[in-house]
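J.: Given next are the chains, with one letter for each unit.
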Amino acid sequence: MKTSSSRKLLGWVGLYGLWIVMTLITIIPIYWMIVVSARSRVELFDAPTLLIKSFYAPNYVKPLTDPVFQRYLINSLIIATSNALLVTFLALLATYSLSRWRLQGSENIFFWTITQRMAPPAAFVLPIFLIYTRVFKIGDWTMFDTQIGLILLYCVFNLPFAVWLMKGIMDGIPVELDEAAFVDGATRATVLMRIIVPLVAPGLAITFILSWIFAWNEYLFAANLTSVNARTITTGLAAFVSVTGTNWGEMAAVATVAILPALVFLVFVQRYIVTGLTFGAVKE
Amino acid sequence: MRSNRMGWALLTPTLVILAIVGFLPFLYVLYVSLFDWNPFSNQLGMVWAGVNNFRRLVFDGAFLDSLWRTGLFAFVSVTIELALGFLLAQTLVKPFPGRTVFRTIYVLPLVMAPIAVGATWRLLTIPGFGPIPYYLDRWFDIDYRLGTFADQAFITVILMDVWHWTPFVTLTLLAGLTAMPKEPLEQAQVDGANRWQVFRYLTIPMMMPVLLTVIFIRLMDALRIVDEVFMLTSGGPGTATQFIGIHIYRVVVPKTDYGYGSAMSLLVLYFTIVLCWLLFIALAQVGKQRD
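Going down the list, the sequences are from chains A and B.
Note that our numbering numbers the first sequence so that position 283 is 300, with each residue one more than the last.
Note that our numbering numbers the second sequence so that position 110 is 611, with each residue one more than the last.
Each hint should be verified, as a subset may be incorrect.
[Unchecked claim] Taking lysine to any residue and the SDA-like style, the derived pairs with C-alpha atoms no more than 20 Å apart in a straight line are:
#1 LYS25/A / PHE524/B
#2 LYS184/A / VAL517/B
#3 LYS154/A / PHE524/B
No wet-lab data here; the hints were simulated from the structure.
Because the structure is a prediction, the values reported are computed rather than measured.
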C-alpha cells in the first residue's frame, strides 16, 4: 500500500508532467513556424530539426520592403486602430446610457446586440458584399475595397462584446457620484469625461485591446470586401497558399509578423481574455 | 429630473451602426433570396423566383453534404475540447509553483489570427519538410498526405481546432470552477462521498450554466469555421473539409449566383438561430432547476 506522501509525490509528477506536455504541444507549432521563417529553401528540405542554426534574413526583408506588403500592414494598422477607437468610444456612450437610464426596450437592445455576433459570417459575406458594391454607392465610389467599409463592419463583431464588457464595469460605478457632481453644477459631458472616464479607464483599455486584436485577426470579410486598396495583412498571408510553388519561408515570416502584435498585447489582457471571448458572460 | 432623450442620444450611434452593417444586410438578403440573380449570366437583372431558391437547396447534394460535414466536425471537436478542457481546468484550480507560467504560454493560440493558425498547421503538415508527416513515416510507418487522404485531412482539421480552442474552454471552465462555492463540496466529502459522486452530483450540476455557455460559444464558432481550414486544406482533398462557410465562400461567391447564395446564407442563419434557441432553452431550464 502506498503511503500518503508518495501518493502526493506521484500527484505532483503527474501534474507537472501534464503541464510540461501541454506547454510543448502549444509551443512547438508556433516555434516551428519561427524556425521555418529563419531557413532558406534549401535548408528546409533537410530532415526536420528544431534547431535554429542560422538566420536567413531575406524571408523577412523581402516582404517587409515590398510596397504592396507594406500597404497591407499599414491598412491593417489603420483599420484595427480606428475600429478599436470607434468601438471603445461608442461602447462608453452606450453603456453609460444603459446603466444610467431606464430606457424602454433597452433590455431587448442589449440582447439584440449579442445575437449579431452569433450570426455565421459566411452567411453575411454575400449580403454585405452586395450592399457594399450595389447599395452604398455615390457615383463611382462604393464602400467596397475601402478602409472605412471594414472599420464599420468590424463594429458588428466588436460592439456587442464591448457593450457587454463595459456594462458590468459601468454598473459598478455608483450613481451617487454623478449626482454629487450635478449638485456642484457639472454638466452631463463634464461628468462623463471627468468622473466616469477616469474610473472606467482600465475597462476602456481592455475593450480597446481586445477589439484591436479581433479586427487585426479578421480574414473572411477582409478577403471578400477588398480587392487592392484596402487589403489587410491576413489576406496577404492567405494569398501565399493560392500561389503555386509557395515560398514557405516567406509565408512563415509573414505569419510571424502577423501574430506578433497580438502576442505583445496578450501580456496586458491575459486576465480578461475569457471575459472578452465570452462577451462578458463569464468573468475571471 | 433625468430626461430619457439624453439616454437615447448616447445610445443612438451604436444602434445606427449595428442597424446599417448588422440588420440592413439581413433584410437585403431576405429580399434577394426571393429572386434569380446572377449578374454574369445571360439575363442581367433580378427575376422573381419566389421560394424556388429554397426548393433548390433541399435537393442540393453538395450543400447538404457540407452541412452534415460541418455538423460532424463541430460535434467531434467541441466534445474533445470539453472533455480535455474540463480535465485541464481541474488541475489549475489549486495554485502550484509555475501555474502562471504554464497558463500564459497555454493561452497563446487564443490571440493568434485564425488564418495564422492555419498557416502554422500548414507548415507542420507539408509533405517534404513538415515534422508531422516526417515523424509519422519514420516512427510509425504511416503515409501521411493531407492533400490525398480525406480522413487524414478531416482529423487534422479537428486536431487544429482542438489545439486552437481548448485553452479557451479550459480558462472559461476554470473561471467557473473558481467561482463555485466550496462548502457543499467539503460537506459532501465529510459525508463520505467519493470523488466520482462529488463530480457527478455536485460539480457538474453547479457548473451547468458555465458549461452551457462554453458549449454555446464553441458550437457557434465551430459551425462557422472558415479561415483556419481555408489556409490548411482549402476545403480539400476533394470536398473532405469543405465546411458550410467554405462552401459559400468557394462555390457560391465565385459563381455570382446571388439569389441562390442568399437563400443558402439565410438557411444557415436559420439553423444557427434554432440551435441557439435550443441551447438558450436548456440554459433557462437549468437556471429554473437551481432556484
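J.: Take the hints in turn and mark each one as holding or not.
T.: For each hint, the structure was consulted:
{"no.": "1", "hint": "LYS25/A / PHE524/B", "result": "violated, 57 Å"}
{"no.": "2", "hint": "LYS184/A / VAL517/B", "result": "holds, 19 Å"}
{"no.": "3", "hint": "LYS154/A / PHE524/B", "result": "holds, 18 Å"}
Consistency with the previously given hints fails for number 1 only.
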